[in-house]
Amino acid sequence: MCEIMNYIFRSLHNSDRRLDVISRTIRKQQKFNNGVAVFSVLVTMNFFIGEIERQEQAAKIKKLESKIEELKRDKGE
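Residues in the sequence shown are numbered consecutively from 19, following the numbering used here.
FYI, nobody ran anything at the bench for these hints, they're computed from the structure. Check before you lean on any hint, since a few could be wrong.
Listed below are the simulated PhoX-like cross-link pairs for lysine-lysine, each with C-alpha atoms no more than 20 Å apart in a straight line [as the list claims (entries may be wrong)]: (1) LYS93 <-> LYS81; (2) LYS90 <-> LYS80; (3) LYS78 <-> LYS90.
Whenever a hint applies, use it, and build me the whole structure from the sequences.
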């Protein structure tokens, strides 16, 4: 009877340790997942901001090109 009780409690103890290891691993995975999510959001924001700046630059370049053409017409070139 004593051996059976020892076996049961030892088995419970081993299961408890394994669950602790699994819960630690899950916590680490959650931290990693949060880091990846933050990185993804930052990269996406950077992409959109870069695209907005590129469009603004293209508009400025077009405006300057039209101004240059206007100045050339005024000078008669």
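Against the structure, the hints:
1. LYS93 <-> LYS81: Holds: LYS93 and LYS81 sit about 19 Å apart, inside 20 Å.
2. LYS90 <-> LYS80: Holds. LYS90 to LYS80 sits at ~15 Å (cutoff 20 Å).
3. LYS78 <-> LYS90: At roughly 18 Å apart (the allowed maximum being 20 Å), LYS90 and LYS78 satisfy the hint.
Consistency note: the structure conflicts with none of the earlier hints.
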